[in-house]
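The sequence shown runs 1 to 318 under full-length UniProt numbering.
Worth flagging that the hints you see were computed from the coordinates, not collected in a lab. Please note that the accuracy of each hint is not assured.
What the hints assert, rightly or not - Computed list of lysine-lysine pairs in PhoX-like fashion (alpha-carbon distance at most 20 Å, straight line): (1) Lys300 to Lys216; (2) Lys36 to Lys216; (3) Lys294 to Lys201; (4) Lys166 to Lys245.
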Amino acid sequence: MNTGNIVLPTGRVLIIGSGNVGTSIAYSLLNQEVVKHIMLYDIVEEVAKANAYDLQDASNFTEGVKVSFGNYSELNDGDVVIITCGLAQKKGQSRLDLLKQNASIIKEVVNNIKKTGKKVFVIMVTNPVDVLTQIAVDELNLTDGMVFGSGTYLDSGRLRFIISEKLNVNPINVHAYVLGEHGDSSFPVLSSANIGGICLKNLIQVTDEYYDELTKLVREKAYKIIQGKKATCFGIGEAIAKIVKCILRDEERIFPLSVPLRGEYGINGISMSIPVKLSTKGFERIGEISLDHKELELMKRSADILRKNLTSVRENVT
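Using the sequences plus the hints, can you model the full thing?
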């Protein structure tokens, strides 16, 4: 872990990978008008250039957001690098099934970032995001807080939407997290969930059946999207744009992100989602959200699964 000087963000973003996810992130960033310059890079140069040209046309209707084809060599201290490249999740495939293939790709990407010597913010989006985030943290040795993954931010949004539909309230009034792995061992934290400050358990009976139903609905949402259109893109695009906006505008908001744990819940050596504060400094740990016995066991189970996969990829991918 490096604890060097914090570098302030520049307002420039380099998106590595110009597929459905990368371009959706770029489009959301463009529409939110929170960045100065969006650079797209892809190993298939023609794809990145075509998407850059298309987004340039869209940028004519914004307030001066520049869009271009970019490369690692153009990085400056304080830029934000968003990693989306890699093989996409297929129907019936878990995120961890992608691990070996995408780990090799991500190691090359991280090495290219490292070669620049620049102090950049790195947001991992490629799946399985938690294990790949930990690989990036280990390899880059940037200031603590500058490398993290999108984690369960999107999953938490799905949870809030599902609860809001059941209670007929606006999702903005639902305060609840999904934590752990961004994947099949994720779990909702309902013990502290509240609706406009009112404990969820005071509004409905949170039975084991209800808990299991919510967990299943949240976990299966991505699979339903993939089954119908082969990829998720709009939700994660908007989610990453909100994260970047928070960094650039120093909003100091709380997000459930995949970060390297340093003893939280007795867990070390693996990245997974916990609530952290996000600002121009990157992420800052704010302590542990209260978990009941069941949730704590699920957190530890998720960590065990991720640690097993991290160990496996370290042994098999060089």
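Hints violated by the structure (listed by number, smallest first): Violated: hints 2 and 4.
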